[in-house]
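Student: With the hints as your guide, set chain B onto chain A.
There are 2 protein chains.
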Amino acid sequence: MALIRSVFQDELDGVSQSLVDLTEMVAASILKATTSVLTCDLKLAEEVIATDDHIDNFQHDLDARIIDIIARQQPVASDLRALVTALRMSADLERMGDMSHHIAKISRLRHPEPAVPQELVSIFEAMGAAAEKITNKTGIVIATRDTEMALEVERDDDEIDKLHRQLIGTLVDPNWSHGVETAINLTLLGRYYERYADHAVSVSRRVYFLVTGKYA
Amino acid sequence: MALIRSVFQDELDGVSQSLVDLTEMVAASILKATTSVLTCDLKLAEEVIATDDHIDNFQHDLDARIIDIIARQQPVASDLRALVTALRMSADLERMGDMSHHIAKISRLRHPEPAVPQELVSIFEAMGAAAEKITNKTGIVIATRDTEMALEVERDDDEIDKLHRQLIGTLVDPNWSHGVETAINLTLLGRYYERYADHAVSVSRRVYFLVTGKYA
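From first to last, the protein sequence lines stand for chains A and B. Okay, so the first sequence: first residue is 1 according to our numbering, each after it adds one. Okay, so the second sequence: first residue is 217 according to our numbering, each after it adds one.
The set of hints was computed from the structure by calculation and includes no laboratory data. Please read these numbers as outputs of a predicted model, since none were measured by experiment. Be a bit skeptical, because a hint or two may be false.
Said to hold, decoys possible - Covered by chain A, per the in silico footprint, the following chain B stretches (three or more residues, Cβ under 8 Å):
1) 279-290
2) 294-304
3) 355-365
4) 424-432
Unchecked claim - Cross-link-like lysine-lysine pairs, in silico, PhoX-like; alpha carbons within 25 Å at most:
5) K162(A) / K321(B)
6) K105(A) / K378(B)
7) K43(A) / K105(A)
We put the beta carbon where it would ideally sit given N, CA and C, even for glycine.
If we strip away everything but chain A, and leave its shape as in the complex, we get (with noise of 0.2 Å):
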């Protein structure tokens, strides 16, 4: 029985070692997508493109083996709530790579031209800035189950928040000059960070319920 446990744990352990390489892979590819988006380089963006499909198989194969240990080891209580929720993490994660990959596409569509103009570079660098230091810290906190950066990343999520309130007050300034079609791909990518931050709190917020029983 011991043994029986010890190899269970070793299951459970590689789950969680599994959402921190998807939230790894989800990292290199929103770091990747903003470079493409701020320095037009179409090559990352094809390569953020490429990699999703990655993504999405390994997130596949991690809810097939997760859904396998429930069948097989028919845990209770709180070990099955921890598996549900590996579920509901890798969605969110799969769904961070979806973002990066929307936000790559945008680069590409508007490839030679940069999609961002030069006076809004820097909000969406402290964006993507923001968005890698999230995702970082939500891997740190599947890792180790620390509540406490657990609600850091709530705080990160305001900060993007706050930046994207900020994009949009300049697209609807009345001196912006660059066009509606410019301002409808920016509201876009805007939006994308958002969502992505969005999903990396609802990671974070799902660990803080699983370690402490209550909603952050």
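Tutor: Here is chain B on its own, set in the frame of chain A:
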């Protein structure tokens, strides 16, 4: 044993019925959200915004029930897959409710101005009607596991994507005369309808996969 099995079957049927109930709540929500946008109806917008909490709570309770069934009944193979799929469908449906909520918030934000200029009313009427149709079909797909209708949902989504492209085409037209702020709001509205329909497709695909073991 036959009795236990029958109780379990009742529980599975109950989950399926709750997913149908959730679909009906979401259908009512998107209909009201569309009407509020097209008729500048602030009261309806407020109603959609208030109802979203109700949808979230319903989904929350349903998920708790599903996890409890997994813990008590320890299902394997196809029953376990059906229950895990139910968790994912409830997440999709909850997210559709969020999209109605976002649409209603734009209606409220612009009130007493109309969010949609007169020449775009027909596109949004068509998107709203398609969203309602796709939701009703999704409810039938969940209730009956009709795979033909699941494929119809895919085709209805193509229709919404076509309307969405037509919308963006109008916004980026050099003759666009309603300014950047309206264009931004319409971009977001279009995105919300598109995402709404994507989640309906996701639900139908999950049912299709459960029934056939193949991807639609």
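Student: Any hints from earlier that this structure breaks? Give me their numbers in increasing order, please.
Tutor: 3 and 4
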